[in-house]
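Those protein sequence lines, which keep their order, are chains A and B. Going letter by letter, the first sequence gives residues 1 to 416 in the working numbering. Going letter by letter, the second sequence gives residues 1 to 184 in the working numbering.
Don't read these hints as lab results, they were simulated from the structure. Computed from a predicted model, the values in this text were never measured in an experiment. There may be inaccurate statements among the hints.
[As the list claims (entries may be wrong)] Which bits of chain B does chain A cover? Going by a derived footprint, with three or more residues having C-beta under 8 Å, they are: (1) 34-40; (2) 80-92; (3) 156-170.
[Said to hold, decoys possible] Chain B is nowhere near these chain A residues, computed Cβ spacing over 12 Å in every case: (4) S232; (5) P248; (6) F383.
Glycine is no exception: its CB is placed at the ideal position from the N, C-alpha and C atoms.
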Amino acid sequence: MTNSGRLGAWGSGFAAFLLLGACESAKIPDSAPPPRQLPLEVIATLEDSESFSVSGIAPVQGCSVWVAGSAWGLIVEVDFMTGSLREVGRLPVWASGVRLERGDSTDLVAWSVSPPWLARLSTRTERVQPLRIPVHPWIGRTMGPLAVLSSSRVAIAPIGSQQIVRSPRPWTEVPLIRIQDAAGRWVESVGHVEDRGGDYLSAYQARVRLGSRGDTLLSVNLVDAVVTVFSSLSDPGGPAVIRSVSLPRYFSASPPQEEIWRADWLQIGGARPRIYATPHLAEATFGPEGRLYVLRNHGFRWNSDDTTLSRQLYTRAGRWESTEQWLEIFSVEGALLGAYALPNGRAFWLRVDDAGRIFLRDEKGITIVRNPVASALRCGGEFRAVTLDASDSPDHPTVLSLNPAVEPVVALPPDV
Amino acid sequence: MMGGRVLTGRWVLAVLALTLGVQIVIREGRPAPPLPGGPYAGDLLPELPVGMLDGGHRSTLREVVSGSGTCSLLAVISTSCGVCARMRVTWLDRFNAWADSVDGVVRPVWLAGEGEASLERFTRDFDLASIDLVFTAGSPRQAGRELGVIGTPTLYLVDAQGRVRSGVLGDQFPPADIARSICE
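So here's chain A without its partners, still in its complex pose:
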């Protein structure tokens, strides 16, 4: 082979190597083998309709469930034995994306981020009791994921939602979780948000989901997959971290990075932050028994699809995307009980009840599967699929009324 021939061969080999390297760098490799996934048994599906899309679900008496409409907060009861629907009424607030949580006794808790709103919802009287929500030192009144505790207290992670919140400079120390009593008064602060630098990284890495077991508060961080157990809420010194457990990690994630473009002519909302991150968990929830149910992210790849505007505003086009998800269930001690393939491949969020059901919110609606670690399935249901044919509109004829026995929220004393 001549010198030029060798050069040509080396050159083409090197170019091919570079191309291969560029392709490989767009994928995050595994650092540990993922667990073997078992199938889940689908019990039933609640499918979205043109006029109703689910944003929240919670079990009520018997085997029925209440679901909330994402657009205008219409509550619909689904009889799980027959699949029949009853439109309970619209929540008395112009809120979108309302979530529902199990409460104590016959109450549910309804909340939304936009606008920040929190209320108890009696399934017996079908009345609503709005609760005061925390004033966050960074951004004012804001709502985030919550857990209902004993004695009607509520633990709230005010900036734990998907909303990206700017942290102040100089840094202001804020609690990660705030606990309110039944009247909505702030009674306890738990943990703190860590300063991760940047403008938005601290709030981004404070994305947690909350739960409780007895009088113990639990939180799980979606970004780094760390579960924190706090000491009893009745401790005289207040709750403190007694244990932090890292869940298994199947890849090595780089620290989240931010890039911000500012429209200088807009004084409010003009910052357009973009976070480049590969969170280990897509979502998580604690079951009523204290077990942890997580939606895993896996197989992150760089998706370079982007809008023309974003290509102009940011140095990098695209974002990391998880190409695979599955469900993992952990015991209260943090042991992996099993990994399970999702029936529709992906899910946005999930809820678990004490009747042996897991509710997976996916792109079609709610897929209800049998809880593989529950002792029994108490609510099997007789229907397989029902379309949520309800009218979630602002002019729905029934608006749930406020609980007259409760003082107006505005009469409550100011925050501590």
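With the hints as your guide, set chain B onto chain A.
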């Protein structure tokens, strides 16, 4: 045999170089659209051609907004934006509460880029009579560029002289104390 290998290597290299070159030419040759910009605090609103939904009266945005001699809150909306769709129900009550706290007259104006028919369909079934509904009569893209719209809704507080005083991206209002100092 050896000569064939050399030729193959050169051809592979040439094809790779050609591909790279074509990509660079395509990328560099395509003119990038201008970066968004907008009216800064103190700038006059642009003289964009607009029409008013109540009767189709044509004018310029600056004339429409500053014509009443009062402050105006100009909301640039899109008929395909989900937040804007909710605003048809929720905005007016919130605006009235905000305007009350401003202690001055503030006139609400909505501007949509999608044209008269689209705005008429979008607002038909809602009680928005107290809002001046305006549509762009020229190029919506040009209007969006001149108004610095990078998302909807975008709100501008405009003083009685037609000068932009405060800009907000999203479904919020300018701080009432700022509005008070401008509009009282």
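Comparing the hints with the structure gives:
{"no.": "1", "hint": "34-40", "verdict": "holds (count 6)"}
{"no.": "2", "hint": "80-92", "verdict": "holds (count 3)"}
{"no.": "3", "hint": "156-170", "verdict": "holds (count 6)"}
{"no.": "4", "hint": "S232", "verdict": "holds, 40 Å"}
{"no.": "5", "hint": "P248", "verdict": "holds, 38 Å"}
{"no.": "6", "hint": "F383", "verdict": "holds, 31 Å"}
Consistency note: the structure conflicts with none of the earlier hints.
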